[in-house]
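Asks: If you read the protein sequences in the order shown, they are chains X and U. When the letters of the first sequence are read in order and numbered with this note's numbering, they come out as residues 23 to 352. When the letters of the second sequence are read in order and numbered with this note's numbering, they come out as residues 120 to 585.
Think about it this way: if two alpha-carbon atoms lie no more than 20 Å apart in a straight line, the pair counts; the simulated PhoX-like pairs of lysine-lysine are:
id : chain 1 : residue 1 : chain 2 : residue 2
1  : X       : 84        : U       : 470
2  : U       : 145       : U       : 135
3  : X       : 202       : X       : 84
4  : U       : 135       : X       : 178
5  : U       : 331       : U       : 304
6  : U       : 256       : U       : 274
These are computed hints drawn from the structure, not numbers from a lab.
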Amino acid sequence: MSSDGKLLELEDLKKWFEIRRGFLSSKVYYVKAVDGVTFSLDEGKAVSLVGESGSGKTTLGKTIIRLYEPNGGRILFQGKDVTHIKANDLKWYRRMTGLVQQDPFGAFASHFTIFRSLEEPLLIHNAVESKEKRAERVFKVLEEVRLTPVEDFAYKYPHMLSGGQLQRVAIARAIILEPKLIIADEPVSMLDASVRIEILTLLRRLQERLRLSVIYITHDLATTRFFSEWALIMYAGHVMEKASTQEVLRNPLHPYTKALLTATPDPNPENRNRFKEVPPGEPPALVNPPICCRFSPRCPLAFDKCFKEEPPEFEATSGHWVKCWLYERS
Amino acid sequence: MGWLSMSSSKHSRGFKGVLQEVLSYKSAVLGVLILVFLIVLSIYTIVTIPLPEAINAWRSSEMWTKNPRNAQPEWIEVFIGKRLPRTITVSLANAEVSRRLLGDGRIAASWVAYFNYDYDDFPSELIVFFNSSYSEKPVVDIYWLRPDGEEFLVKKHTLRRPDDRLYLSNDLGLELRLSGLFESKVGGKPNFMVTVEKGLFAEYSLDPRVLKGRYGIRFETILNENDVFDAELVVYGSVYGLAGTDHLRRPLIIGLLWGTPIAMSFGLTTAILTTVLNLIIGTVSGWYLGKVDTVIQRIVEINAILPFLPILILLTTFYKIDLVVILVSVIVLNIFSLGIKGTRILVMQIKSYPYIEAAQAYGASNGRLILFYVIPKILPPVVPGMISAVPGFVFLEAGLSYLGLGDPFLPTWGKIISDAQSNGAFYKGLYYWVLEPAFMLILTAIAFALIGMALEKIVNPKLKEL
Ligand SMILES: Nc1ncnc2c1ncn2[C@@H]1O[C@H](COP(=O)(O)OP(=O)(O)OP(=O)(O)O)[C@@H](O)[C@H]1O
Ligand code: SF4
Ligand SMILES: [Mg+2]
Numbered sequence: 023m024s025s026d027g028k029l030l031e032l033e034d035l036k037k038w039f040e041i042r043r044g045f046l047s048s049k050v051y052y053v054k055a056v057d058g059v060t061f062s063l064d065e066g067k068a069v070s071l072v073g074e075s076g077s078g079k080t081t082l083g084k085t086i087i088r089l090y091e092p093n094g095g096r097i098l099f100q101g102k103d104v105t106h107i108k109a110n111d112l113k114w115y116r117r118m119t120g121l122v123q124q125d126p127f128g129a130f131a132s133h134f135t136i137f138r139s140l141e142e143p144l145l146i147h148n149a150v151e152s153k154e155k156r157a158e159r160v161f162k163v164l165e166e167v168r169l170t171p172v173e174d175f176a177y178k179y180p181h182m183l184s185g186g187q188l189q190r191v192a193i194a195r196a197i198i199l200e201p202k203l204i205i206a207d208e209p210v211s212m213l214d215a216s217v218r219i220e221i222l223t224l225l226r227r228l229q230e231r232l233r234l235s236v237i238y239i240t241h242d243l244a245t246t247r248f249f250s251e252w253a254l255i256m257y258a259g260h261v262m263e264k265a266s267t268q269e270v271l272r273n274p275l276h277p278y279t280k281a282l283l284t285a286t287p288d289p290n291p292e293n294r295n296r297f298k299e300v301p302p303g304e305p306p307a308l309v310n311p312p313i314c315c316r317f318s319p320r321c322p323l324a325f326d327k328c329f330k331e332e333p334p335e336f337e338a339t340s341g342h343w344v345k346c347w348l349y350e351r352s
Numbered sequence: 120m121g122w123l124s125m126s127s128s129k130h131s132r133g134f135k136g137v138l139q140e141v142l143s144y145k146s147a148v149l150g151v152l153i154l155v156f157l158i159v160l161s162i163y164t165i166v167t168i169p170l171p172e173a174i175n176a177w178r179s180s181e182m183w184t185k186n187p188r189n190a191q192p193e194w195i196e197v198f199i200g201k202r203l204p205r206t207i208t209v210s211l212a213n214a215e216v217s218r219r220l221l222g223d224g225r226i227a228a229s230w231v232a233y234f235n236y237d238y239d240d241f242p243s244e245l246i247v248f249f250n251s252s253y254s255e256k257p258v259v260d261i262y263w264l265r266p267d268g269e270e271f272l273v274k275k276h277t278l279r280r281p282d283d284r285l286y287l288s289n290d291l292g293l294e295l296r297l298s299g300l301f302e303s304k305v306g307g308k309p310n311f312m313v314t315v316e317k318g319l320f321a322e323y324s325l326d327p328r329v330l331k332g333r334y335g336i337r338f339e340t341i342l343n344e345n346d347v348f349d350a351e352l353v354v355y356g357s358v359y360g361l362a363g364t365d366h367l368r369r370p371l372i373i374g375l376l377w378g379t380p381i382a383m384s385f386g387l388t389t390a391i392l393t394t395v396l397n398l399i400i401g402t403v404s405g406w407y408l409g410k411v412d413t414v415i416q417r418i419v420e421i422n423a424i425l426p427f428l429p430i431l432i433l434l435t436t437f438y439k440i441d442l443v444v445i446l447v448s449v450i451v452l453n454i455f456s457l458g459i460k461g462t463r464i465l466v467m468q469i470k471s472y473p474y475i476e477a478a479q480a481y482g483a484s485n486g487r488l489i490l491f492y493v494i495p496k497i498l499p500p501v502v503p504g505m506i507s508a509v510p511g512f513v514f515l516e517a518g519l520s521y522l523g524l525g526d527p528f529l530p531t532w533g534k535i536i537s538d539a540q541s542n543g544a545f546y547k548g549l550y551y552w553v554l555e556p557a558f559m560l561i562l563t564a565i566a567f568a569l570i571g572m573a574l575e576k577i578v579n580p581k582l583k584e585l
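Full structure from sequences and hints, please.
Replies: In structure tokens:
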């Protein structure tokens, strides 16, 4: 497959967790947390991954950077198949990708100084030859995330920093090896509302300046507009809708996305376009789910076919894909 | 997560900080002082008495012939309130010599040597060491000169060999003669047994009292032309040095001193190695899980029901025992302990922390994660236990020595106690023989226990309230 500007391509990617129920039982069940995801991401572009809790966003993110071993499908990175690479190839892939986690307070070893935490990736990859150059790089990256004066932060321990500062360090750590792809898994959801925008701005600016590709995982549809070119709506392990962020927000097609965006008269403008837990009902259990549209139990528009067959992805308008039988062209 | 987050700030204190905090406990100050003392003592010992020398001294019987047997330490006087005799060596170097040429070319010679005796108790033993060369075995007459002017023939002795020894204390004939002499002087039976020492050193009275003053010994003999005669009287005391002597006249101080570095290094090495190895095994078990974990868990369970001491005894009967064999067997038998289960659970918990995942994402290998990310987290809480375990291993080594399973060459505290026991120390009233090594053992135990307890309180702040 040629990679014309494409950094990452997922083809029918699957991550199933194996679980055994009951003592001594040999029967194996699967939690199909990511069940056939296909999309591609251009170099230097950002995509938002939106969905309610348990829809498989984190699992997808971790599978993409190979923290989890995929159970099916393919991951292509710069056209190279990285689905099951091992050892040195995997180490190279680790260097090309970065992770920013949700919880900044848990993201650092408490016995390392900030300096040591940032130095670790460089040491592991032998990325910089000398001690002086390593220090230089650490200070540079701290500057990059606006933790200045850098000496004030470098020799502190994680518990001496605030959540926002720690998340900046986490971003610094994610970019210190100069990767091509960053997974940011709800990077601001645990922070004070007051610093969220700062962190997102920082991330966006770095993404543009360093020509990074970013997969931004979030609950919060409002921030996607501000952050990303593309949006994926996930539900129960499936991508229900994908299109440019503008398109998804302005012209949602999938009943689930529509439900998410139903304009309720909210007095607080900040809460407009905010993710809402509608329609009522729970996402289906992902243990051996039935073959049908996974949204069908909650879908107000569901019809016969929805309960019998899983819909494929239809291209409703150019570049706007929807996984719903309503958009089947007859 | 509880203690991990609580102790998260602790990692940053470093050694100095921890030491400061330890020293904020009075009991720990005492522990540290004792420990420093023991360390200084160990270093002093190693520097002043090199090990080969110490082993040699401990195994040599010749080296100590001029030491008293089973002498108490000198400081015992403080409790008894009497001046107890030290060992006096009376040589002929400063003796008054007289020689008379006989008609046949032989020489009649005599030597008189004097010494002062003003102790409050009798000597423990008297031996004359000869050192002569002769063409014909000479007959030596030995006279005793008392401070009260009394003078009598002690013994007519024909030398059996050039370096002959005359054990005066064991001479029954002499004892009988002295006893008779005593009775005639006092005019009745005295209230004590007249032994050779008492016969020679007591006042002529019914009660045993030392006659203090200047004593002399005179040797008279007839020598051939080229003969050389030399002799030395050793008046053995009943106290010796700082620690006394044992049944083989060896100064206990050598054993006590050398016992310190041996006990400390044995205790520390076993405690540290077993703790660290258990930590690593538990970490591997909890980190990799799966088959490795299953195997380790089974070994732990089997190990838990194996009898430790009998196996150790069995091992030591099969192999040439030295300290290293004991060390290795103790470590082998102490790893795979039940404590591994706790470590394993802790590691499983740590493995699920985000910072581990973050490190995996930037490419940290399992080895690096275990070494730099997990072990430093779980090490601090096991340090107090490790320190507290030292006395147990020190006592174990002593116990094994006591059972005769110790290193046969090294002088250790356990060996001293074992010797004392097999020679009936308590039965004979030689309490110092047992109490001195026991004191050292307890001192060591207290030092480590006190420090361990303080560390425990620091690592686990909840204990502070107790
Ligand atoms: N290691 C695992 N073993 C078994 N099941 C798992 C595992 N990790 C996740 N799951 C399950 O997979 C599903 C998707 O989880 P995931 O964490 O990816 O969701 P998410 O979209 O990130 O949710 P949230 O918004 O709460 O972070 C959930 O049902 C979860 O219970
Ligand atoms: S396929 Fe059917 S059930 Fe699923 S979203 Fe579309 S209409 Fe609703
Ligand atoms: Mg998540």
